[in-house]
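First to last, the sequence lines map onto chains A and B. Counting from 360, one number per residue, gives the positions in the first sequence under this note's numbering. Counting from 71, one number per residue, gives the positions in the second sequence under this note's numbering.
Check the hints yourself; a few may be wrong.
As the list claims (entries may be wrong) - Cβ-Cβ distance ranges computed for the label pairs, FRET-style: (1) B:P89 <-> A:F619: 53 to 59 Å; (2) A:E587 <-> B:G81: 29 to 35 Å; (3) A:R490 <-> B:G81: 17 to 23 Å; (4) B:N106 <-> A:G531: 47 to 53 Å; (5) B:N76 <-> A:R490: 44 to 50 Å.
As the list claims (entries may be wrong) - For lysine-lysine, the following DSS-like pairs were computed, each having C-alpha atoms within a straight-line distance of at most 27 Å: (6) B:K125 <-> B:K147; (7) A:K562 <-> B:K125; (8) A:K581 <-> B:K147; (9) B:K158 <-> B:K213; (10) A:K537 <-> A:K562; (11) A:K562 <-> B:K131; (12) B:K213 <-> B:K147; (13) B:K158 <-> B:K147; (14) B:K131 <-> B:K147; (15) A:K562 <-> B:K213; (16) B:K131 <-> B:K213; (17) B:K158 <-> A:K409; (18) B:K125 <-> A:K409; (19) A:K678 <-> B:K158; (20) A:K581 <-> A:K409; (21) B:K158 <-> A:K581.
Just so you know, the hints here were simulated from the structure itself, not pulled from any lab data. All of these numbers come straight from a predicted model, not from anything done at the bench. Glycine included, each C-beta is placed from N, C-alpha and C at the ideal position.
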Amino acid sequence: MKIRPLLLLMMLLAFVLHVALGEVDIAWGGLLGAMFTGGEVNDLHATIVKEVRMPRALTAMASGTLLGWLGLLMQTWFRNPLAGPGVLGITSGGSLGVALAVLLGLALPAWMAAAVGCFVVLLLIGVGARRFVSPVTTLVFGLMISYAVSAIVTVLQSSATAEALQTFVFWGMGTFAKASLSQAMFCVGLQALLGMWMMRRAKWLDMWTLGEDLAQTMGVPKSRLHLEILLLTGLVLGVVTSVCGPLAFLGLATPHVYRFFHPDRGHLDAIQGIGAWGAVLALLADGVVRFTDSLAMHWPLNAVLAILGAPVVLAVLWKRNHDWS
Amino acid sequence: MNLVLNDLEVGHMHPLTAPLTRSFGAGGMHVVLGANGAGKTTLLRTVLGVQSPLKGEVVLKTETNVLRANDISTWGKHVAFVPSMPPKHVGLTVAEVLSLSGPWEEAVSYHPQLEPWLNRRLSTLSDGQAQQVMAARAMLQSKDWLMLDEPTAFLDIRGQRHLWEMLTTHLNRGGSVMLATHDLRGMHRWMHEAPADITALSSIHQLSTQGLSPLAYDASLDALEAALG
Chain A
360 MKIRPLLLLM
370 MLLAFVLHVA
380 LGEVDIAWGG
390 LLGAMFTGGE
400 VNDLHATIVK
410 EVRMPRALTA
420 MASGTLLGWL
430 GLLMQTWFRN
440 PLAGPGVLGI
450 TSGGSLGVAL
460 AVLLGLALPA
470 WMAAAVGCFV
480 VLLLIGVGAR
490 RFVSPVTTLV
500 FGLMISYAVS
510 AIVTVLQSSA
520 TAEALQTFVF
530 WGMGTFAKAS
540 LSQAMFCVGL
550 QALLGMWMMR
560 RAKWLDMWTL
570 GEDLAQTMGV
580 PKSRLHLEIL
590 LLTGLVLGVV
600 TSVCGPLAFL
610 GLATPHVYRF
620 FHPDRGHLDA
630 IQGIGAWGAV
640 LALLADGVVR
650 FTDSLAMHWP
660 LNAVLAILGA
670 PVVLAVLWKR
680 NHDWS
Chain B
71 MNLVLNDLEV
81 GHMHPLTAPL
91 TRSFGAGGMH
101 VVLGANGAGK
111 TTLLRTVLGV
121 QSPLKGEVVL
131 KTETNVLRAN
141 DISTWGKHVA
151 FVPSMPPKHV
161 GLTVAEVLSL
171 SGPWEEAVSY
181 HPQLEPWLNR
191 RLSTLSDGQA
201 QQVMAARAML
211 QSKDWLMLDE
221 PTAFLDIRGQ
231 RHLWEMLTTH
241 LNRGGSVMLA
251 THDLRGMHRW
261 MHEAPADITA
271 LSSIHQLSTQ
281 GLSPLAYDAS
291 LDALEAALG
């Protein structure tokens, strides 16, 4: 594996900028000085950094990385460049959970409802896993879950109060801003977990790209890999969706952005690159969100992600169309 | 090691052929012919351990040792697979693909035609080139048996010839080959040009609902066509 210092530096820079810049001008000199000398601290500034900016930046970074990795994982597993973490129907499950909680007025915080929804779908997949003999079956299953969920959500919406409807719509827009520091740290922990798992399984994933039968004859235990992918995807997606809402675009787009710059790489390199690119894209998009906030325009995160991401993916596909034709 | 089918029934739910009992000698080229749907691919997948037999078993045998397909990690060192279509959309380079199964230097030393492609992505090669890479990879994985499922189906004449030559190399190094094919002409020519000590260990079988029926390895092209038609 080649370490890519430039990519990691870019990620670090995006993170530092995200924390450093904002509406309130933080007196960084005094704040950082106080860390070493124990001097006088501007309480307001310290609170902003610790309770607002740090959790937000950490959540953006970790979610971007996690979704990028899940995108890679899904695209490899289904051998389909248009697969993304959403294809298993787990995000839809989260939407349904929140829709039920908010639109029916249950006393459950949105993030908890999303987590429950995600895990119910995961459980369904787990129960059916033995019958899903091929990735394609799983794909169709996810698609059907999505259809069913959006139908149920529409039914719920038709009889919901305007207030509840607004809450639900806002949740659907996605945000990195609602995470507490402990939720952010949990995401960072998951980042470490998924990263280690991906590195460990990089060779299996490489073999898997050669074909399902061939990979098995090369020693990839298909059902075990299948189970691990389902469990990890469900766990990660459940957590990210409950903390940030249903983030649609990052998972699909990040691997394409990475492959645009580094087409000829196996999974071990891709894990590092996609991890860094995912974080950068998420931080960048959230930067735009915060900028529009400062102009009192309040663009939703999902809209920014799509506006930034769609042209990028289109450009990538346009330039490399020979590869997927 | 000899490849032995013991009362083997292959298929999905229903057996495709009568139970197969046969031993394929180590060091030979064993060709399985048969109409589409006769079960050639299913037989290969069963031998590879990707699919479970409906009945019976596949074993590798020497005088002192018996290996079974259920121990997949050991089995993979003795039986490797070359599918008919080389994979598409693979981001790995040729060297990286080879390295999944062993040192690429070894593959290049036996198949020097691979050398110029080492740093190219597998998906940028032609089907004929990619198939040679896939065969070389399988030979790194197993020095023993190689299972090929219509490996020349998508190749032009030159690609076909290269592939047959690679199989000769594998056999000369003490390996064994089982091959399902419709390429009668290529197979017939190979049987006539290969070293006599290898063809003496080789066999041609026709797979049908009755099972595996042997044909003479030095049968004429007309005789082969007649048997299959």
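Results of checking the hints against the structure:
{"no.": "1", "hint": "B:P89 <-> A:F619: 53 to 59 Å", "result": "54 Å, holds"}
{"no.": "2", "hint": "A:E587 <-> B:G81: 29 to 35 Å", "result": "30 Å, holds"}
{"no.": "3", "hint": "A:R490 <-> B:G81: 17 to 23 Å", "result": "20 Å, holds"}
{"no.": "4", "hint": "B:N106 <-> A:G531: 47 to 53 Å", "result": "51 Å, holds"}
{"no.": "5", "hint": "B:N76 <-> A:R490: 44 to 50 Å", "result": "31 Å, violated"}
{"no.": "6", "hint": "B:K125 <-> B:K147", "result": "24 Å, holds"}
{"no.": "7", "hint": "A:K562 <-> B:K125", "result": "33 Å, violated"}
{"no.": "8", "hint": "A:K581 <-> B:K147", "result": "18 Å, holds"}
{"no.": "9", "hint": "B:K158 <-> B:K213", "result": "26 Å, holds"}
{"no.": "10", "hint": "A:K537 <-> A:K562", "result": "37 Å, violated"}
{"no.": "11", "hint": "A:K562 <-> B:K131", "result": "30 Å, violated"}
{"no.": "12", "hint": "B:K213 <-> B:K147", "result": "8 Å, holds"}
{"no.": "13", "hint": "B:K158 <-> B:K147", "result": "25 Å, holds"}
{"no.": "14", "hint": "B:K131 <-> B:K147", "result": "14 Å, holds"}
{"no.": "15", "hint": "A:K562 <-> B:K213", "result": "21 Å, holds"}
{"no.": "16", "hint": "B:K131 <-> B:K213", "result": "15 Å, holds"}
{"no.": "17", "hint": "B:K158 <-> A:K409", "result": "48 Å, violated"}
{"no.": "18", "hint": "B:K125 <-> A:K409", "result": "66 Å, violated"}
{"no.": "19", "hint": "A:K678 <-> B:K158", "result": "18 Å, holds"}
{"no.": "20", "hint": "A:K581 <-> A:K409", "result": "44 Å, violated"}
{"no.": "21", "hint": "B:K158 <-> A:K581", "result": "20 Å, holds"}
Violated hints for the displayed structure, listed by number in ascending order: 5, 7, 10, 11, 17, 18 and 20.
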